[in-house]
Amino acid sequence: MAGIEASLFDLSRFDTLSRLDTPIHRLEPRVKVLTTMAFVVAVVSFDKYQVGALLPFLLYPVVLISLGDLPLGYLASKVLAAAPFAFFVGVFNPVFDREILVRLGPVAVTGGWLSFASILLRFVLTVTAALALVATTGMYDLCRALERLGLPRAFTVQLLFLYRYLFVLVEEASRMHRARSLRSFGHRGTGLRVYGQMLGQLLLRTLDRAQRVHAAMLCRGFTGELHLIRSASIGPKDVLFLCGWIGAFALMRIYDLPAWVGRAATGLVP
Amino acid sequence: MHMADALISPAVGGTMWATTAALAAYSAKELRRSEDDQKVPLMGVLGAFIFAAQMINFTIPATGSSGHLGGGMILAILLGPPAAFLTMASVLAVQALFFADGGLLALGCNVFNLGFFSCFVAYPLVYRRIAGTTQTPGRILAGSMLASILALQLGAFGVVLETTLSGISELPFGTFVLLMQPIHLAIGIVEGLVTAAVVTFVWRARPEVLEAAATGKARSAFPLKGVLAGLLAVTVVTGGALSWFASAHPDGLEWSMFRTAGKEELEAPSRGPHAWLGHFQQRTAILPDYGFPAEEAEHGQAEVAEEEPSAAEPWPAVSAGTTVSGLVGAVLTLALAGLIGLGLRRYRSRS
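Sequence order for the protein chains is A and B.
Each number in the numbering used here comes from the position in the first sequence (counting from 1) with 64 added on.
Each number in the numbering used here comes from the position in the second sequence (counting from 1) with 1011 added on.
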């Protein structure tokens, strides 16, 4: 139960966040999509033992989050909630890769631990960037951007439909779920038989709804595409954002900046 | 079983993106050709249904755990393969974007693993053959059971293959297969039961829904051979090109591609040949790559360097001194990033 309401809350929270008005929100959606993809590819392209060289990439999500007025704690909790798969696959690395790669005084760090740390860091980076993208762009602009970047229209239009009806159907499902919970004591009635009938009912209602929606849309002249009035064009700021970040990613990818900083800093001390 | 960005290499991610994009384009074309464009609103609403349905659980007797609907098979049964594939892709896109379930680069892998196998393989080859046009509860049960199991087994195998080829996880191929396949056998059985229960209910209450779906898509089962051949070509070409580039110019090319192409920077850095051939290497070499990086580092040998150009990079070759400076640098970088964030936020709140 908590699960359903929490997901609904998540969805509406992202929807609300995407309506803020900040420099990041005002950027052209296509630019944000492209920059984020470049970011993900750059992060993922590192060698599996890299940890330090990945750190400068934190700058991108940090800038998006702070300039976009996004709630850091909330995003962090979302990242944690999604972590299990990467964690459980990665946690085997220390088991299988026991060669010692780094010695720090008495502490020996094996390759497995390094690559595990690298996996977790990659996970945090890529997931935060993706969440920040949605939270600063919103589903409608995102779909439009995807369409203008060349994804098939049938895909983007029905993605918009999906998003639009998600709220309605999740609420409906949560009502059904509540009704079942109130009528079932212990585990009675929570088995497959009732479940199948419930989902079947939900499905039939959904189909009816889809039919009504479609008829109503045809009445209003729907021809298979949605027209949005908002027009977005790429301005100088957008170009600067895209080129600046891609240049920065290239720098961070080629040069191990933390290693330089570290050498410079430790060189000063003795 | 959603792949995360953290576990894949750009070569694998890029290849699967290309494959999935080709499949999506094919599906969209197929929809338009069969004048099923009017299905688009229905697809969207059914996608939302899958979400809503996933939020209701049922208890599995005698285990204390609970299961829910995965969705690929039921979408294929209701919509036909092309429409179901697109719908599944959008369900997974929303999961990736709003719930951080699977990543952006990994989306191609996820759509392929969960969408392609259920819509284009298990549904036409198993479900339609068994349940076909003359449906009975028994046939529906058998069909959805076998089809779901097949789809999930293939999907889980896809996850294993993609993870192993990426070379980020150290899980040996065999161990990973032994972990994933049995788990997904159980998941497949549950998925089959649920699908059968829902489809049977719809069949009893409103048989015309299923009939409309079954007749509308009869033709899309046939061009499967063409689709598969095309897919294979796309995969081989992109994968081959990616790993060739990667191995030829581990660093220079990616840099120039970054500058020129921006998004589709498709290099597959140091791990290129490994990514593509990793699986075979591991089978042929008794001592797979796990042991090598460290040995190289210790002996300072460069003989394996063309295979593992990463050995030339700082990490494996570090001594204690560089480790300290590496740590200091890392801490300073973190502090700097935090300060920039705080500064920007302060600046935002003041303006």
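Take these hints with a grain of salt, some might be off.
What the hints assert, rightly or not - Computed Cβ-Cβ distance ranges for the label pairs, DEER-style:
{"id": "1", "chain 1": "A", "residue 1": "332", "chain 2": "B", "residue 2": "1194", "range": "44 to 54 Å"}
{"id": "2", "chain 1": "A", "residue 1": "73", "chain 2": "B", "residue 2": "1194", "range": "22 to 32 Å"}
{"id": "3", "chain 1": "A", "residue 1": "90", "chain 2": "B", "residue 2": "1357", "range": "12 to 22 Å"}
Hints were generated in silico from the structure; no laboratory data involved.
In this text, all values refer to a predicted model and were calculated from it rather than measured experimentally.
No residue lacks a Cβ here, since even glycine has one placed at the ideal position from N, Cα and C.
Each hint tested on the structure:
no. : hint                         : result
1   : A:332 <-> B:1194: 44 to 54 Å : holds (53 Å)
2   : A:73 <-> B:1194: 22 to 32 Å  : holds (30 Å)
3   : A:90 <-> B:1357: 12 to 22 Å  : holds (20 Å)
When held up to the earlier numbered hints, the structure conflicts with none and fits them all.
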